[in-house]
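Starting from the known structure of chain A, arrange chains B, C, D, E, F, G and H on it as the hints suggest.
Protein sequences, first through last, are from chains A, B, C, D, E, F, G and H.
Here this note's numbering is used: position 190 in the first sequence is 190, and no number is missing along the way.
Here this note's numbering is used: position 237 in the second sequence is 237, and no number is missing along the way.
Here this note's numbering is used: position 233 in the third sequence is 233, and no number is missing along the way.
Here this note's numbering is used: position 205 in the fourth sequence is 205, and no number is missing along the way.
Here this note's numbering is used: position 123 in the fifth sequence is 123, and no number is missing along the way.
Here this note's numbering is used: position 88 in the sixth sequence is 88, and no number is missing along the way.
Here this note's numbering is used: position 236 in the seventh sequence is 236, and no number is missing along the way.
Here this note's numbering is used: position 221 in the eighth sequence is 221, and no number is missing along the way.
Just so you know, the hints here were simulated from the structure itself, not pulled from any lab data.
None of these values were measured; they are calculated from a predicted model.
Incorrect hints may have been included.
Label-pair distances were calculated between CB atoms; the ranges are [claimed, not checked]: (1) D:Glu87 to B:Asp154: 50 to 58 Å; (2) H:Asp154 to F:Glu103: 38 to 46 Å; (3) C:His166 to H:Thr129: 54 to 62 Å; (4) H:Asp154 to B:Glu21: 27 to 35 Å; (5) B:Asp154 to A:Thr60: 18 to 26 Å; (6) A:Asn15 to C:Asp117: 48 to 56 Å; (7) B:Lys115 to A:Lys11: 36 to 44 Å; (8) G:Lys73 to A:Leu104: 40 to 48 Å; (9) D:Glu103 to C:Arg7: 40 to 48 Å.
Every residue, glycine too, gets a C-beta built ideally from N, C-alpha and C.
Chain residues, written in single-letter form:
There are 8 protein chains.
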Amino acid sequence: MEQKELRQLLKDVANNKIEVEEALLKIKEEPFEDLDFAKIDHHRAIRQGIAEVIYGAGKTPEQIVKIAEAMQKKGQKTILITRMSKEAAVYAQDKLSDFQYDELSKVAIAGKLPKPDGQGKIVVATGGTSDMPVAEEAAKTAEAFGNEVVRLYDVGVAGLHRLTRHMDEIMSANVIIAIAGMEGALASVIGGLADCPVIAVPTSVGYGAAFGGLSALLSMLNSCASGVSVVNIDNGYGAAYQASMINHMGQV
Amino acid sequence: MEQKELRQLLKDVANNKIEVEEALLKIKEEPFEDLDFAKIDHHRAIRQGIAEVIYGAGKTPEQIVKIAEAMQKKGQKTILITRMSKEAAVYAQDKLSDFQYDELSKVAIAGKLPKPDGQGKIVVATGGTSDMPVAEEAAKTAEAFGNEVVRLYDVGVAGLHRLTRHMDEIMSANVIIAIAGMEGALASVIGGLADCPVIAVPTSVGYGAAFGGLSALLSMLNSCASGVSVVNIDNGYGAAYQASMINHMGQV
Amino acid sequence: MEQKELRQLLKDVANNKIEVEEALLKIKEEPFEDLDFAKIDHHRAIRQGIAEVIYGAGKTPEQIVKIAEAMQKKGQKTILITRMSKEAAVYAQDKLSDFQYDELSKVAIAGKLPKPDGQGKIVVATGGTSDMPVAEEAAKTAEAFGNEVVRLYDVGVAGLHRLTRHMDEIMSANVIIAIAGMEGALASVIGGLADCPVIAVPTSVGYGAAFGGLSALLSMLNSCASGVSVVNIDNGYGAAYQASMINHMGQV
Amino acid sequence: MEQKELRQLLKDVANNKIEVEEALLKIKEEPFEDLDFAKIDHHRAIRQGIAEVIYGAGKTPEQIVKIAEAMQKKGQKTILITRMSKEAAVYAQDKLSDFQYDELSKVAIAGKLPKPDGQGKIVVATGGTSDMPVAEEAAKTAEAFGNEVVRLYDVGVAGLHRLTRHMDEIMSANVIIAIAGMEGALASVIGGLADCPVIAVPTSVGYGAAFGGLSALLSMLNSCASGVSVVNIDNGYGAAYQASMINHMGQV
Amino acid sequence: MEQKELRQLLKDVANNKIEVEEALLKIKEEPFEDLDFAKIDHHRAIRQGIAEVIYGAGKTPEQIVKIAEAMQKKGQKTILITRMSKEAAVYAQDKLSDFQYDELSKVAIAGKLPKPDGQGKIVVATGGTSDMPVAEEAAKTAEAFGNEVVRLYDVGVAGLHRLTRHMDEIMSANVIIAIAGMEGALASVIGGLADCPVIAVPTSVGYGAAFGGLSALLSMLNSCASGVSVVNIDNGYGAAYQASMINHMGQV
Amino acid sequence: MEQKELRQLLKDVANNKIEVEEALLKIKEEPFEDLDFAKIDHHRAIRQGIAEVIYGAGKTPEQIVKIAEAMQKKGQKTILITRMSKEAAVYAQDKLSDFQYDELSKVAIAGKLPKPDGQGKIVVATGGTSDMPVAEEAAKTAEAFGNEVVRLYDVGVAGLHRLTRHMDEIMSANVIIAIAGMEGALASVIGGLADCPVIAVPTSVGYGAAFGGLSALLSMLNSCASGVSVVNIDNGYGAAYQASMINHMGQV
Amino acid sequence: MEQKELRQLLKDVANNKIEVEEALLKIKEEPFEDLDFAKIDHHRAIRQGIAEVIYGAGKTPEQIVKIAEAMQKKGQKTILITRMSKEAAVYAQDKLSDFQYDELSKVAIAGKLPKPDGQGKIVVATGGTSDMPVAEEAAKTAEAFGNEVVRLYDVGVAGLHRLTRHMDEIMSANVIIAIAGMEGALASVIGGLADCPVIAVPTSVGYGAAFGGLSALLSMLNSCASGVSVVNIDNGYGAAYQASMINHMGQV
Amino acid sequence: MEQKELRQLLKDVANNKIEVEEALLKIKEEPFEDLDFAKIDHHRAIRQGIAEVIYGAGKTPEQIVKIAEAMQKKGQKTILITRMSKEAAVYAQDKLSDFQYDELSKVAIAGKLPKPDGQGKIVVATGGTSDMPVAEEAAKTAEAFGNEVVRLYDVGVAGLHRLTRHMDEIMSANVIIAIAGMEGALASVIGGLADCPVIAVPTSVGYGAAFGGLSALLSMLNSCASGVSVVNIDNGYGAAYQASMINHMGQV
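Isolated chain A, as found in the complex (with noise of 0.2 Å):
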């Protein structure tokens, strides 16, 4: 419940055009809805055209879908479907309109993508193709976040000439993801050279001492660099919310 409506229940309650025990009963059910609609609001009432999301692990084929066509049904236009198997996609495939899906990082889209409305543009950059999983994952939940995404794939530092040869689109990035799974390496030196924030996604790409992905999270961790910050292992999706948080600053 916001200040407003608070006053306008204030106000009936003033005016006796609603009982005290009536009041007195929405009041107290909804003390915290109000943050709750208001972070919607904020968030998705004024930037029409965001995605929902779905988190598809653990979920049956059938409970996606069910929640997909809910969400279509109250007008959404475009769903965001994240970890969803194949097993599931193939259900769902005919009953979801413009139903698109990615099996490498499992990710899918039910509706149209939104037309970027950011600041800039997301850099999504990996250190190997083994790390492609999880860039996908980052790079289509910006791009259903509506944000402009490059990506710049097996840029990592053992060939450092296949970064630096990228040096235009890395300084005119406005957010950078960098992924990386063994030493993690490479948000430090994108970190170094980009001017803009880093958000930085470990994977469990790797064998041995990488140790499912601690190995580059603990780099990442320590990085040299200014101005980078460090998700979950395997957390594309987390990284790119975020940078498309920031991609909107300032927007309402």
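Relative to chain A, chains B, C, D, E, F, G and H alone:
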């Protein structure tokens, strides 16, 4: 070397105003210099007034003062010194002009703070009072980089009302730095309430199974709230650096 | 051997109704037996109707059924079987009377649930829907031990209003079992809101730096809220066992 | 704000005894205040005499004394100060009335201990004499919260008879706090003998592969005995807080 | 080459019965051979009847059988095969004489068990029934090496009477192998009761914070009881090997 | 209470020399005492001369001396004090008779060393000279328990000849205590050479990835040599205790 | 772009053979290219015959074959494919000329092995037969890079004579690759015997406290022998790559 | 004992110039001595002038000086002392001739540095100035072993141009020692640029999630660049030892 300088150099070669060997030397010696200056330009030449930074840890009082004096000689108006020992501060006291030292956070400022010129406010929130050293490092860094800072200290989740009482500050922030030790739950709760990027800083506050900040670090990386990224344990400076970048988005 | 039995035995010796050597043997052979029966007496003989428990993991379907049948033959009215595979449940289906199996939590009940006879209610709360298997193990265990259970699922801290909407249930609980994976912040937030013992159960829900429940476990151990204790990862049964003990405090 | 206050406020609005804007302000400013007071009411207003707590670690002697004096001025009869340095105790000695300090556990009590009013006894048991600092923190906390405490120190499992000799105390306890470092087996053995909730406290006692309490912590979390939950390493206070809650179950 | 052989060789050189170059070759080629045979002599030539061992893991059924056949051809009466897959056992069944396979422990014996010739008995005790695969590996290994074995299974510390009921076996053992997963407390409790060397074997039984046996391993290493040493997780064979050595002390 | 005492007590009851209630009390109060004395009997009453042990860590100089004096008063001829600070030793110097202190290992002996009465020799071997404090704790403990000790220090595997030069001592040992930090390879190499039980002691010697002894500990647990078991990091006392047990096998 | 090319380009500009803008483009587009080719030149153009490498993990059979075919078309005589699945090998079998696949190490060679042209021999030694997959990856890689390889398999330190019997090979090696799992002691022992660089490869062979190679990794990093460095767990390829570099030292 | 000595000894036996028993003793006492001397010969007898090494940690000033004096008496021209405390250096100052001490790296040289006689240069590069203590240990060790050393300090990857400006030194190195703490990315970037073996040294520089060098260690082990191997945290000496071996390849 920027593109227009290189073009001029080549023209001079074409016009025989400069020897081939001399040009060769110039190009060879500075292939990366350009990147470097490019970065400095973006970041500093245009946005006047931002602070230079000295990382005080591991430097002698003499070294710190010498570096700061050189900066002031070059006309630098604000110098931020982090992780400065009290002993170094005492030494610097009357050697650097406009010198102020905060013993709690071990942060010193030499010179005047710039006027805030960011898009909005940066909220620095902590779970407890023991997190204040890290929080003040973050707050003072943000101020030195030209940001308006709102401090919300001791709003930990075990007394939720202390936090929710400040919903206005939280909803009006442009970036939030959430600082907590022990179980680090503050980042998730703020991440759920706020509608802006949250940069989480785990602290080494706690004992036993806190394992020097590991508990809070893992908590924050696994945050169930979207829009949260994490920096190293106790790294208030790093969080403020990125927060300032975000808060100056869209400005040149 | 309880005290009165021992006293009788000694009287019989004094009255020469029994040989010294025979008495010697009796005492020597059962020095610890008494503890054992004492425990069972306290727990079961007096509070009729409580369930016997079979830990199904690592037992064959045949073994489980055989044990349960023996219990039923001895007059046991309620048998709780935890961590029971679907395959074992199918096998047991028509061999055990009043058999019910919940595939999600892998918990089965053979016989009728006892009427709740605890002091108050046990609230079982989870951070997300993925924590439900553990939560149902806890809830069904608590019910089988004679407790009234209130389920509050998916009230994670990233959407605080979902939790605070249930303040009434939380304030009226006698014991709360707080179940969460990922960053495990639920335990701290509930611990801060509630005024009763909170038993926290970390779950292995999550990925990457969740490290199989380690993140939630450390979080919960470091809870800044008072009145929170912790059991093993995914140990819904253990939490419910202790919660039931607490909820039956003061009863004989 | 409690429900009846809110009802009265609305009635006042309906009767125009109070302005709409003023009512708006009142409601808006205290949405969470109610939770807070609700909690305090439950816990303290009704059960008079319980101690207020000051966590001494990281506070200056002056800060501690100032807080305690304020509490005493408000009529608080018992104040518990944990993790208080000897230096702080010396400073507080003649400033706080009825001040007693225990150097071993770093616990101080200002004021008189309340009379025990719990349902039964809390047994505090330790594996060795080195666990005594943690045990005394637990025991003194429990006493300050109005519990009768039975101390069973140095009853580690390597000399089982030392423990079993105290079967009477163990069987008659209402709650047991089992405190041990090294391999932490005490919790399991007591958990197997007793018929009441056991709260286990791992301690940092030990060396080498004890890893600062990690060994005991893992042991206790994996206890094969039912009815055991665990708090943070060396957290005697936390264990006593929950034990006291349990021991006052069913009381208002 | 043993000392007396070397002396003889040198005498032959002195007597010119053998060429210098030939002697040189003999000495050079076997400097370590002697150690090897020395060891085998001590262990096997004198104490007839002990088993040869094949570590089955990572070997094909064909390889195992071929090695065993070669051993039998050389007159080996007992062959112990550990970590043998069921598939390999089926293959070996009618190719090796007197072949017996235990599926639970994956141990096979080809040939007849030697008569026990140790000083006393080896007790193999486990905390639970789930530890039986490791326990049987230990027990069968000990038997194959000529020891009388007493099995005490499922005597975990949560039901202390189950263990203490067997005080006679424990007090009369020459060596005890204590096998437990989860919190591994069995080793400490037995170490405290017994008066002989205890070799502790942590097992990977358990879940969550058992971390694949780490919890039990640390517990056992930190045992507060004297006379306890530890082998690798699930290493029943290793414990039995050393136990057999100890049980044959003083024999040649 | 031993069996014959209990038999006598029962006879007294039968003969009415003692009241039933008095007998009841006697039996009830000492049900575990018997185990205790049984153990002491086996270990001490028969094998005269063995040392009593005081674990000095965490005890004040006064406490140590008081305990030792009490032991000497009871006629104890040898008292072993481990982990005794230099300060405590200075204090004890002229209060305890025949007092000798070794600063390196922090071990003191009060009284005379018993004559070796084990079956054979215990070899104490170390990888480097830095392992000597642990080694001397082991060696002095073994001597205090009546064993002949052979010291082989600084025979680490990086200079294999230093070790193999001592093949005679190794082959003639009854038990070997292998002590090493860093990579802990000594245990495996000795385990491969020797034909007797090897008890491995990892030490905290080393830096960096030695992680306080973890590296050596894991190495030793994973030893590819048979017949090796392991005790806690730096636990020279524990290794010697078990080694002495083994070396006195078969003796009463 | 190498220095002489750049000089020529500038001369062409001076001579107006090339336009300024065209020269600008050439320089700008390849600032790092030069580094790249420089590297390839050093490594390949001069030392003809060395293998190109394809890392097969995570690539489809089709992708591998396509890359290899392209290489062969460009005249590459030897192609090394590591971590190639059997399925991929079957697919590649008749598509690539001179194709050979080793199932154990998952290494394939397409084309002819180059003649060894290193300074000396590379010895590949393993602790056990289970380390052979890693060892063969190392050995085949070394051969594909033009080295003579000596294989010493199953020379683990538990049977020291197996290793020392090969002192000649060890002393005559130019580089040694020491491969071992479990306790990884082989690296230290070889490092102590040999007089050349030793590259240690921990393997994931083992169970329990081997923790997937962690034990061997830490051991090798802490080696008390000088001249030992370490690569990632199971990284036979990486060890061979560096060994080959060392073995070709001083060659152009 | 080398082969020719052994041959001569046997000839003497054959010619009866020496008694059988005396020859027996000689052979028996030195079976491994030969390996030892063999090694020293290769390494030292032929390449005159190389330094002897004393590891100063854990040795008293007196011990260090005594060992060094003995070495100088034997004619050793250069003695390298690592990890030497300032206190020890002050003590040694005027007792050892040509003594020089570097407080930063705790390295001392007694005597004159040998003339560089390696094949090429060893580059010692660090990520930051805080890594200098480790770097100087490496550099001084390399010089003491007869290598020309090029120092590239503070060339961390966050300012890539600082590193690439030194491409000439990097490309002309024979071996590179890459030293870095925090995220340790330097090793990968240099490994990607250089065409020679890179030995990576993680340092304990950093805080929080650097975990005492663990982050850099894992990074370097997982390097995506080929030709990189790793030594223990802070082990500058070890890296230099192997680098010197490589740099003297092919020399006798």
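The hints, checked one at a time:
For Glu87 (chain D) paired with Asp154 (chain B), a C-beta distance near 24 Å fails the hint of 50 to 58 Å. Restraint check, Asp154 (chain H) to Glu103 (chain F): a C-beta distance of roughly 44 Å satisfies the suggested window 38 to 46 Å. At about 55 Å, the CB distance of His166 (chain C) to Thr129 (chain H) agrees with the hint of 54 to 62 Å. For the pair Asp154 (chain H) and Glu21 (chain B), the beta carbons lie near 31 Å from each other, so the given range of 27 to 35 Å is met.
Range check, Asp154 (chain B) to Thr60 (chain A): Cβ separation about 44 Å, and the 18 to 26 Å hint is violated. At roughly 51 Å, the beta carbons of Asn15 (chain A) and Asp117 (chain C) sit within the given window of 48 to 56 Å. Checked against the given bound of 36 to 44 Å, the beta carbons of Lys115 (chain B) and Lys11 (chain A), roughly 42 Å apart, stay inside it. Between Lys73 (chain G) and Leu104 (chain A), the C-beta spacing of about 28 Å breaks the proposed range 40 to 48 Å.
Under the hint 40 to 48 Å, the C-beta atoms of Glu103 (chain D) and Arg7 (chain C), about 47 Å apart, fit the expected range.
In summary, the structure is inconsistent with hints 1, 5 and 8 from the numbered list given earlier, while agreeing with the others.
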